[in-house]
Structure formats: C-alpha cells, structure tokens
Amino acid sequence: MENFIPVSGLIGGLLIGLSVVLMILFNGKVAGISGIVGGLLARKGSEVGWRAVFIVGLLLGAFAYVLATGDAMPVNIQASLPVMVIAGLLVGFGTRLGSGCTSGHGVVGIARFSRRSIVATLTFFAAATITVFITHHVL
Amino acid sequence: MLKMLVNLIAGTLFGLGLTISGMVNPQKVIGFLDFAGDWDPTLAFVMGGAVLVAIPAFRLISKRPHPVLADAFDLPTKKDVDGRLLGGAALFGVGWGLSGFCPGPAVTALASGLLPVFAFVAAMIAGMVAYKWIT
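Chains as they are written, first to last, in our numbering: chain D, 1 to 139; chain P, 1 to 135.
Since the hints were derived computationally from the structure, they do not count as laboratory data.
Some hints could be false.
Claimed, not checked - Some but not every residue of chain D turned toward chain P, in silico, with C-beta under 10 angstroms: (1) 18; (2) 28; (3) 41; (4) 51.
Backbone N, C-alpha and C fix where the C-beta goes; we use that ideal spot for every residue, glycine too.
Please model the entire structure based on the sequences and the hints provided.
Here's what the structure looks like:
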C-alpha cells in the first residue's frame, strides 16, 4: 500500500468533477472523452471546433502540471507496443459501440443516475479486472 | 467566443485532474484493477471525488431551462440496456485492462511524448473509424 495517495487522487477527482459540471452548466455538453474524440471524426464544422479545443485543454492541463511541479509526466508503460496497439483498437471500437468510457459513463452518467451508464461502468470494470487478473496472475 | 473559453478551461481542469491524480499513469490504473496484487485504491478516490462534485451540481443544473451559453442541454436520450452497450463496454474493458489506458488519460498522456502513448491513441482512433465504417 506504499503507493496509496488518496489526497492527490481526491484533488484530481474534484477537478474532473468541476470540469464536467462546467461543460453541462455553460455549454450543455457531456464531457465524455471517447465521445469528444469520436465526434471529431464526424468532420462536421460545428462539431469539430469545441471538441478540438477541449482536447487542447487536456494537453494544457498536463503541461501546466509539468511546469508547476518541475516533474516529468508520471507515465509508466509496461505493456509491449503490439499489446498497446491491440488495446487501443479495443478501446476505440468498444467505447463507440458502448456509447462511452470512464468519463461519459463512469462520471457523468453515474452522477445523472443513468441506468445505462451504471450497467456499462460495472461491465467495463468487470472486464478490465478479469483481464488484469489473467495477464498478471494466470499468463 | 465564451463557449470556446469554457471548453478550454474545462479541458485544462480535466487534464490537470488526470495528471495530478496519477491516472495518466497506466501502471497506477492497473494497480487499481489488480485486486489480487498490491492494490492501489487511488482510482476510486478520483472517480468518487468527481461524482461527488457532479451529483449535487447536476441536481441544481437540471432545474435550469437551458445551459448558460446554449439553447438546450445535449444529453443522451437512450434508456435501454442492449447488447451494443454491454458488448462495447466489455471490449473497452478488455482494452483498458490490457493497457491501463482509457481515452481521457491516453489523450492527456500524449503530453509525455512517449511513443507507446501515440501508438495507443492512433490505434484508438483507428478503432473508432472502424466502428463508424462498419455501422
């Protein structure tokens, strides 16, 4: 449990909560990242701009952290490149088929008490937990 | 345009939140998903914190006739739990477990400049294109 950092987790969570609230309160939009990225593919002028700006914001947030702390981005990847590619394909296809990911279903949908989002969240957590068990303890 | 400023601020807060909490680190996410290993509960605090802010705020916002800067709320209308929802969530979950990345952290982690992050995001977009192509 040495890597248990609930304070930074909670602060990060509050910032994400504030972000999704601002998006609905001011723009009436669900801040679900798979939907925001997927909608870019629509190539409709009115749908591209706001999504691109939100994504630029995501990167600015990361750069702000790096500038403020002087630390590198805390990204440690253990999976091989082919596994990352297969995982990316599954995440891209699956989030579009299932209409959302951890943000759209897991945060916004759950906070709206959406039955679809609660079921989706339980399903992707179960699938991910089983996958990690197999890759880390069976294979 | 005011709406675009909100998109930029909200995106920045989201990216900052994912980075501060360590959710941009796939190993930290896998640490949460690995209940049989050295369990890391951080992810629960991140999602819990976000939902805790969102629930009361959404209640208040739902009383408004429309968003501050738009004519109407653009919210999902589907109510039925179907095979697409379950199948999509399951496929996503497998990819999430294999990599430790879901879409938000993966896009934010592009700021690290690491090749596997770019490979993941490129494949994710290819998966989204494939879905659009099939349907």
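Cross-check of the supplied hints:
1. At a threshold of 10 angstroms, the smallest CB-CB gap from residue 18 (chain D) to chain P is about 6 angstroms, leaving the interface hint in force.
2. The criterion of a C-beta within 10 angstroms of any C-beta in chain P is met by residue 28 (chain D), whose closest approach is roughly 4 angstroms, and the hint holds.
3. A hinted interface residue such as residue 41 (chain D) counts as satisfied when its beta carbon comes closer than 10 angstroms to some beta carbon of chain P; here the least separation is about 6 angstroms, so the hint holds.
4. With a least beta-carbon distance of about 8 angstroms to chain P, the hint placing residue 51 (chain D) at the interface is held under the 10 angstroms criterion.
In this structure, every one of the numbered hints holds.
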